[in-house]
Amino acid sequence: MSERSEVFDVLVVGAGVVGTAIGRELAHRDLRVGLVDAAEDVGTGTSKANTAILHTGFDATPGTLEARLVARGHDLLGGYAAAAGIAVERTGALLVAWDDEQLAVLPTLQAKAERNGYRATRLVGVGELYEREPHLGPGACGALEVPGESIVDPWSPPIAFATEAVAGGVELLLGTRVTGVRVGPPHRLVTTRGELAARHVVNVAGLFSDVLDRWFRRDGFTVTPRRGELLVYDKLARPLVRHVLLPVPTKLGKGVLVAPTVFGNVLLGPTAEDVVDRTDTGSTAAGLAFLRDRGARILPELLDEEVTNVYAGLRAATEHGDYQLRGYPEQGYVCVGGIRSTGLTASMAIAEHVVRLLAEGGLRTPPRAGAVTPSMPPLGEEQRRPFQRADLVAADPAYGQVVCHCERVTLGEIRDAQQGPLAAGDLDGLRRRTRALNGRCQGFYCGAAVTSLLGANHG
Amino acid sequence: MDDGRRLREVDVLVVGAGPGGLAAAAALGARGAGRVEVVDREQETGGIPRHSVHAGYGLRDLHRAMSGPAYARRRTELAVDAGATVRTDVSVTGWAGPLTLDMTSPAGLERVTARAVVLATGARERPRPARLIPGTRPDGVWTTGRLQQAVLAGQPVGRRAVVVGAEHVSFSAVVTLAHAGVRVVAMVTDLPRHQSYGAFRAGALLRWGFPLLTDTAVTRLLGRPRLTGVEVRSSTGRTAVLDADTVVLTGDWIPDHELARRGGLLMDAGTRGPAVDTAFRTSVPGVFAAGNLVHPVETADAVALEAEPLADAVVRHLAGLAEAAAPVPVRVEAPLAWIAPNLLDPAGPAPPRDRFVLWSRAFADRPVVEVVQAGRPLYRDRSWRPLVPNRPAYLTSAWMRRVDPGGGPVTARLARET
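Going down the list, the sequences are from chains V and D. Mapped onto this note's numbering, the consecutive letters of the first sequence carry residue numbers 1 to 459. Mapped onto this note's numbering, the consecutive letters of the second sequence carry residue numbers 1 to 418.
Hints are computed from structural coordinates only; laboratory data are not their basis. Glycine is no exception: its CB is placed at the ideal position from the N, C-alpha and C atoms.
Non-contacting residues of chain D with respect to chain V, defined by C-beta distances greater than 10 Å in every case (computed):
no.	residue
1	Arg8
2	Arg193
3	Leu213
Chain D residues, not near chain V, derived (Cβ > 10 Å throughout):
no.	residue
4	Val53
5	Leu62
6	Asp81
7	Arg226
8	Leu242
9	Pro346
10	Arg382
11	Thr396
12	Ser397
13	Val403
Some chain D residues judged to face chain V by a derived CB distance under 10 Å, without partners named:
no.	residue
14	Ser91
15	Pro134
16	Asp139
17	Ala153
18	Ile254
Here chain D stands alone, though its shape is the one from the complex (with noise of 0.2 Å):
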C-alpha cells in the first residue's frame, strides 16, 4: 500500500468487455470459476459493437439479428447474469508480477492479483500515420472507429469523403457516412476487388452510387487546415486528385497487444498479438489471449463462439490440471500473413470449433492449402473455396495429431501448382 494502492485477489481477471471478453466471463461464471472480474477502460460495456448501429450482430451466437448496442448490452447482461463482474472506467497501466495488473479508475488506484488472466484487449484500425500516407496533417481524416463514435455523438464530419479499403468495415463506414449525410465520393481499394460480401458492394452501388476504384492507392492528402482532395494512384501509374473533405480510412486492423508486450508475452510475428495454443494459453503460464487481439479481425459472433473451449482451458489452469505448453509454431508463408492459433501441442485440445483462422493478403481463385512440417506434407486439400483478403478464412484441425512434437516449426500455405 505504499503508493496509496488498493490491494486485491480474483480468480479471474478479464481485460477487455467486449465481445470476447464478455463472452468468456458467462462461460466461466456458468462454470463457477470463482470470483470473475472484467474490467474495461471505456464508459461502457461492449467493445466495437456499441458504435455500429446497423444490424447483424449476434446472428450465429446468440441466434437472432440485432444491431451492435444491443448486441452489446445483451453480452453484458449475459456476462452479469453468470455472476461475473463487470467493471467500467477501468484502466490496466501495466504488470505489477507475472499474473497481477495495476489498474486507475475515478474510485483509486488498485493492484490485483489473479490466479488467471485473460487478455481480452481486441483490434484496432491503423491509423493515417502508421500507413505512412505522405501529405498535409489536415481535419477530416477518420477511421471507422473514431467516425462511428463522432456520429453517435453528433459532431459534425464533412460533405464529401472518400473511403480507403472495401472490406466489410469498409461498407459499414459508408453506412455511417450516409447516416451522417456525408456523401461517398469514392470507395478505394489498392487490391484488384472489394472483399466483402457480393450484396453489400451490389447494394451500396444500387442505393449510394459511388465508384469502387480498384488497384488504386493513395499516395497524398492534400488541403489545409481541413482536407480538399485525395490523391490516387492506379496500377497503371495514373494519378487523380479525388474532390473531397474527408476521408476514411478502413480496415487494416492491428491487434491492442501494449499489454501483451509489456507483459513480455511472446508475441507472433504474422498477427502481432501474443502468441497462443490451441487453448488460448500464451507463454506466461496462467495468461490466455483471446478475441481479436489473437485474430485480427473476426466477427463478434465468431469471437463469442471461441468462449466456451476458452472457459475450459482457464479452468484446467484453475484446477492445476493445465498441462505445460510444449507448443510448436505454426507459421505462414505468403501471401498468407498469418494464422491463429499459431502454437500448438499435437496432444492437446484441437482448436475452437476444430479449425484455425486463416488471412491471405492476396485473391487466390482456387487455392490449393498445404501444411507441411520439416518438408512432411500434413495436409493438403484442393477443394478450397476462394480466398478473400481482409477476410478469415479456415482450416481445419484434423492434421494436428500428426505433427511431430519435436519435428520443429509447422507451416500453413499455398501450394505451387502441380
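Next comes chain V alone, as it looks inside the complex (with noise of 0.2 Å):
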C-alpha cells in the first residue's frame, strides 16, 4: 500500500480492551488518531479469553500504579457499561479457605484490601458459608466476602469503545501490522499497509509490545506469556453457583476460581503456566486434568455437567510486579505494557491516565464533541434479550426467528451484528457480538445456518 502524507497526532498501536479505551478517551478531544491493529477485528487477542471478572482491586500490590487504575477502572467500566448497556452481575466473590493455613491468611487479605482503600471485605464463618454457597464441595473453613467483585461481558467492551472511538473520528486501521519503527519525530511506523507517521505513540501491542519497546530504542521489560486454559460449563451449571469462588493465593500464583458468566455459564480457571510462543493459545492434557481436579474439589457436581468450550488465554506478563505504563515526553511515545489479568477492568483509567501522559508530552487535547456511548447488544442472560420482548418481535419478525438455539440468538440479532463500523466480519467476530455458535452444541444444529447468514451479508 502507498505511502500516507498525511500525520496522526496519536497512533495507538494495539485494538485490544485498552487500545480501543485510549481510542475511545482521545475521540473526545479535537485530535487526529488511528488505532492501527494486525488483527482483523478489535479484542482479539488477550481481551478475548480471560476470566471476566471486573475486579475492585483488593487484592492488588498495594502502593502500585496497578492497584489504582483497576480501583479506578472498576468504576469507570461499571458506569460504562451500565450506560453502554453491557452486562454486568454484581454477584461478590467469596474467597475461600480450604484448610487452617488459608483461614489464617483471610484476615491478611482483609488487611490488604483495606489498604487498597477497599472497606468492604468481611469474614465469613463456614455456616453461613454454605448457606450461600450450599454446592460448595465438603472441607471448606471460611471464606472471605468481596462484595464489590462482578462479573462482566468481556467481549462488548473493546467493541463499545471502538464503535464510540470511530464515531468521535478516530480512524480503525485493523489488518495492520506494525513491522518496524522509525524513531521521530514524526515518528514513522512501517507496517504491513505501508507507512504511518505520528507525532505520538501509544505502544499497547500487549504480548508485543517489549518487541515494540525495543523498537522505541526502550529496554524496560520482556514480556512472557502466561497461558491460562478455562473451562466453560454448561448453563445448566449455572445455578450450582452464586458468587465469584476465589482461591486463596499462594506463593504460586492466584489459583483456580469458579465463577458464573454473564452468559449464564460456570467458569473453570484459569491455570497460571509460562510459555514462549506468544500465540499458543492451545489447550493441554495436563492443563484440563488439573483443573478438573481443583473444580471437583471446589464444586464436586460441577464435573457432572457437561463442558460447553475450553480456551486458553496468554496474559502479558512481564518480570515486574506492577503495569509497565509509563511515558517518554521527550520522545513523544507513551508505552502501556505488561498489563495483565486486570487489564479489562482498569481499561478506561489506563486510557486517563494515557492521556495525561500524552498531554506531559506536549500533546494539546482540546474536547471534542461527537463520540456518544454507543448501545449494545443486550448479551447477558440477565438482561431482557431481543427473543423475550413481544413489542420487538411484533415490530420486526426478525427478532422472533431464533437461529442459535443454545445461546437463543436471533436472526435480527445476526444481522445488526453485520452493520455499521464495528461489522463483524468472520464467525468468531459473529460469536462476540450476538453469542451465536458459543452454546452447548457448537454448532450442530445451527452452525451452517450462522455461516450461510454471514456470507450473505457479505457476498
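Two chains, two separate frames, one set of hints: put the complex together.
Okay, structure coming up:
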C-alpha cells in the first residue's frame, strides 16, 4: 500500500480492550487519531480470553499503579457498562479457605484490601458460607467476602469503545501489522499496509509490547506469556454457584477460581503456565486434568455437567510486579505494557492516565463533541434479550426467528451485528457480538445456517 | 398478557418435529386426542433425517426404503393428515407452569397451556469441547450434524479428513465427506473394533480404502487458524500425527435435555435424558418424553415405532385414567451405560415392543445378561448375541411382572461367568 502523507497526532498500536479504551478517550479530543491492529477485528488477543471479572482491586499490591488504576477502572467500567447496556452482574466474591493455614491468611488479605482503600470485605464463617454456596465441596473452613467483585461481558467493551472512537473520528486501521519503527519526530510506523506517521505513539501491543518498546529504543521489560486455560461449563450448571469463588492466593499464583459468567455459564480456571510462543493459545491434557481436579474439590457437581467450551488466553506477564506504563515526554511515546489479567477492569482508567501522559509530552488535547456512548446489544442472561420482547418481535419478526438455539440468538441480532463500522467480519467476530455458536452444541444445529447468514451479508 | 404474550390452550403439545414427535402427533391425531400441536425450532420439520441424504429410512415403520429428506417429508404429511398442527420456527424457551410453555416465533411470543406435553427434543453429538480434546481451536472441526448441513448448504469443508468414531453415524459421515469431495485419511476409534455393520465397514474399505485405527484415542488437535493435524495415541502408547485439515467428531450422543431439566423433571444418570417409565411418563404428571431424548440413540424407524404405545399412554392421561406412577428405578452396571425405560411399575404396561433398550460401553462377545432386584434374580439369559458398544441391544420385558413394587431398584447387568 502507498505511503500516507498526513501525520497523525496520535497512533495507538493495539486494539485490545485497553487500546480501544484509549482510542475512545482520545475521540473526545480534537485530534487526528489512528488505532492500529494486526488483526481484522478489535479485542481478538488477550482481551477475548480472560476470566471476565470486574475486579475491585482488593488483592492488588498496595501502592502500585495497577492497584490505583484497577480501583478507578472498576468504577469507570461499571458506569460505562450501565450506560452502554453491557451486562454486569453484581455477584460478589467469596475467597474460600480450604484449610487452617489458608484460613489464617484471610485477615491478612482483609488488611491488604484496606490498604488498597477497599473496606467492604467481611470474614464469613463456615455455616454462612455453606448457606450461601450450598453446592460447595466439603472441607471449606471459611471465607472472605468481597461484595464488590462482579462479572462482566468481556467481549462488548472493546467493541463499544471502538464504536465510540470511530464515531468521534478515530481512524480504525485493522489488518495492519506494525513491522518496524523509524523513531521521529514524527515517528514512522512501518506496517504491512505502508508507513504511518505520528507525532505521538501509544504502545498497547499486549503480548508484543516489549518488542515495540525496543523499537522505540527502550528496554524496560520482557513479556513472558502466561497461558491460562479455562473450562466453560453448560448453562445448566449455573444454579450451582452464586458468587465468584476465589482461591486463597499462594506463592505459586492466584490459583483456580469458579465463576458464573454473564452469559449464564460457569467458568473454571485459569491455569498459569509460562510459555515461549506468543500465539500458543492451545489447551493441554495436563491443564484440563488439573482444572478438573481443582473443580472437583471446589464444586463437585460441576464435573457432572457438560463442558461447553475450552479456551486458553495469554496474559502479558513481565518480570515486574506492576504495569509497565510510562510516558517518555521528550520522545512523544507512551508505553502501556505488562497489562495482565486486570486489563479489562482497568482499561478506562489506563486510558485516562495515558491521556495525561500524552499531555505531559506536549500533546494539546482540546475537547470535541461527537463521540457518544453506543447502545450495545444485550448479551447478558439477566438482560432482556430480543427473543423475550414481544414488542420487538411485533415490530420486526426477525427478532422472533431464533437461529442459534442454544444461545437463543435471533436472525435480527445476527443481521444487526453485520452492520455499522464495527461489523462482524467472520464467525469469531459474530460469536463475540451475538453469542451465536457459543452454546452447548457448538454448531451441531445452527453452524451451517449461521455461516450462510454471514456469507449472505458479505456476498 | 402483561408482557405481550399470546395465551393459548391445546390438548397435546409435542415439542420437536423429528421422527418421534411427528409419529406421536400422527398417532394422537388418529386417536382423536383433540387439538394436537407439534412445534419445532428449525425452519423445516423432520429432525436429523432431513440432512441425511442416503437411503435406508422408513424400512421398519413405513415399509419402504427412502432417503432421510423424503422420510422427513412423509412423516410430516402423516402428522398433518391425522389432523395435527405442525409449526416450524417456534422456539420453546421455558416453562411457565407444569404444563405451560413459553415460545418465541416470528409470529410473536406465546404462552401455551396443554393438557399433556410430549417432549421429543432428540439428541445431538458431543462437540469437541465436551470431549475435552486438547490443542488449538482451529477451523475444520465438525460434528456429523454440522458437517451434513454444511455440505447440503454447499459450504466448503476441506480436503483431508479424520473421522473420529466407528459407529453407524461415523460411516454416514464418510458418505457425506465423499459426497463433498473430501478424502478420508483415517477412521479412529478408542474401541478395539468398529461398531457398525460389517457390510458398511467392508463397503467403505473397498470403496474409499481408508485405514481404521482401533484402540486409538485423539490426544490433540494441531494448527491455527486451520487444522493441520490430528495427534492420536494407540493403547500401546504409540503416537502419530495424521495429516488432515478436517476432523469429524461422530457419535457420543447426548440428549437435548435442556427443557426437561429446566422443567425439574427427574433425570436418568445413564441416558442423561428424563427418567421415564414404560408408559413414557416422566416425574411430572402430564409430561411425557419419547424418542432419542430418552434413549440416545436409536434409528428413526425404531423411534417412530414407539408412537402407538406413546399415544395410548397420552390418551389414557387425557381421559383421566392415568394411574399414578409408582415407579421402581431400573439401573445398569458397567460396562452397560444405560437402560430405557428406566422406571417401571410392575402392574403398568409393558414397554414398547415388549423390550427395554440397553446400551453398552464395551464389547461382550458371549454376554450373559441378568436382571436382579435386591439380590433376587428376575431374569438371566445366556443366549444373547454379542453386545456392541454404541449400538442398541434389546432386553425382553418378560421379567417385569416379577418385580416387587416395594423391593427397591432393579439392576440389569452382565453376569460374571459362572
